[in-house]
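*Asks:* Got chain L; can you put chain X on it based on the hints?
There are 2 protein chains.
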Amino acid sequence: MARPSPCASCKRRRRRCATDCIFAPYFPSDDPQKFAVVHKVFGTSNVRKMLQELPVHQRGYAVRSLVYEAKAWAIDRVYGCVGYIASLKNQLAEAQNQVSELQKQLDVAQAQELDLNHAANKRNFDLNQRPSREDGPSGLN
Amino acid sequence: MARPSPCASCKRRRRRCATDCIFAPYFPSDDPQKFAVVHKVFGTSNVRKMLQELPVHQRGYAVRSLVYEAKAWAIDRVYGCVGYIASLKNQLAEAQNQVSELQKQLDVAQAQELDLNHAANKRNFDLNQRPSREDGPSGLN
Numbered sequence: 001m002a003r004p005s006p007c008a009s010c011k012r013r014r015r016r017c018a019t020d021c022i023f024a025p026y027f028p029s030d031d032p033q034k035f036a037v038v039h040k041v042f043g044t045s046n047v048r049k050m051l052q053e054l055p056v057h058q059r060g061y062a063v064r065s066l067v068y069e070a071k072a073w074a075i076d077r078v079y080g081c082v083g084y085i086a087s088l089k090n091q092l093a094e095a096q097n098q099v100s101e102l103q104k105q106l107d108v109a110q111a112q113e114l115d116l117n118h119a120a121n122k123r124n125f126d127l128n129q130r131p132s133r134e135d136g137p138s139g140l141n
Numbered sequence: 001m002a003r004p005s006p007c008a009s010c011k012r013r014r015r016r017c018a019t020d021c022i023f024a025p026y027f028p029s030d031d032p033q034k035f036a037v038v039h040k041v042f043g044t045s046n047v048r049k050m051l052q053e054l055p056v057h058q059r060g061y062a063v064r065s066l067v068y069e070a071k072a073w074a075i076d077r078v079y080g081c082v083g084y085i086a087s088l089k090n091q092l093a094e095a096q097n098q099v100s101e102l103q104k105q106l107d108v109a110q111a112q113e114l115d116l117n118h119a120a121n122k123r124n125f126d127l128n129q130r131p132s133r134e135d136g137p138s139g140l141n
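Here the protein sequences come in this chain order: L and X.
Sequential numbering from 1 applies to the first sequence in UniProt numbering.
Sequential numbering from 1 applies to the second sequence in UniProt numbering.
In isolation and in its complexed conformation, chain L is listed as follows:
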């Protein structure tokens, strides 16, 4: 039995769209561009093979990845999404350097805070051992 409306892949190839067409669940006829972009980069035959090698519940995720990569190739014809990976790696390295640098600064600041607290406590202790103006010199009270 043929579908009333062939999927975007069958429509493009002007073929009958069988009820068990492997593309139909992921490439609806009302979004021909989604299939066209994937077809241009990977080719219908390769996409079919890739989907056939996967269990049904994983095919939707694979199609999303294929569409993502194909769109990246449409935007960047030299690096595709590998350019984005390189950019993410650089951003990650930069953020990790910042983490490392901030951690060092925080360690220094916390060590200085400890020193200052220690010095303040010591001064308070010394001060308490020292007679105030009101106490007068020892032995005169």
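Note: identical chains are not told apart, hence a pair may lie in one copy or across any two.
With a Cα cut of at most 20 angstroms, we get these calculated EDC-like pairs of lysine to aspartate or glutamate:
hint, residue 1, residue 2
1, K49, D76
2, K104, E94
3, K71, E53
4, K11, D30
No lab work stands behind these hints, which were simulated from the structure alone.
Every value quoted in this text rests on a predicted model; they were computed, and no experiment measured them.
*Replies:* Just chain X, lined up with the frame of chain L:
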């Protein structure tokens, strides 16, 4: 004039490798796997079209990206390198949160250090205004 050794693409397709073969500079015959992995994912015809659309000096970079993506598909048949992109995005978000958190902690630590320094300076000032045991009470010297 045919090359003495056909490139990996022509060898695979059992074709004559012309001196201007578009694949030859990037897919040497001694590394058939490099072409095989790209062919499996993108198909020879698509790779040829993608390379033809680029100026010669950018084709090597495009081939590296194609090989990278194809290898990622060989490792992860569901997400390809898009899985790696998702992982990098998560790591980046985590590192950026760490930067933000550490920056807040550093701001607090530096503010406390300022307060402690201020308090210590104030105490030193007060102390200098206060007579010591050796000075004796004012008016008795």
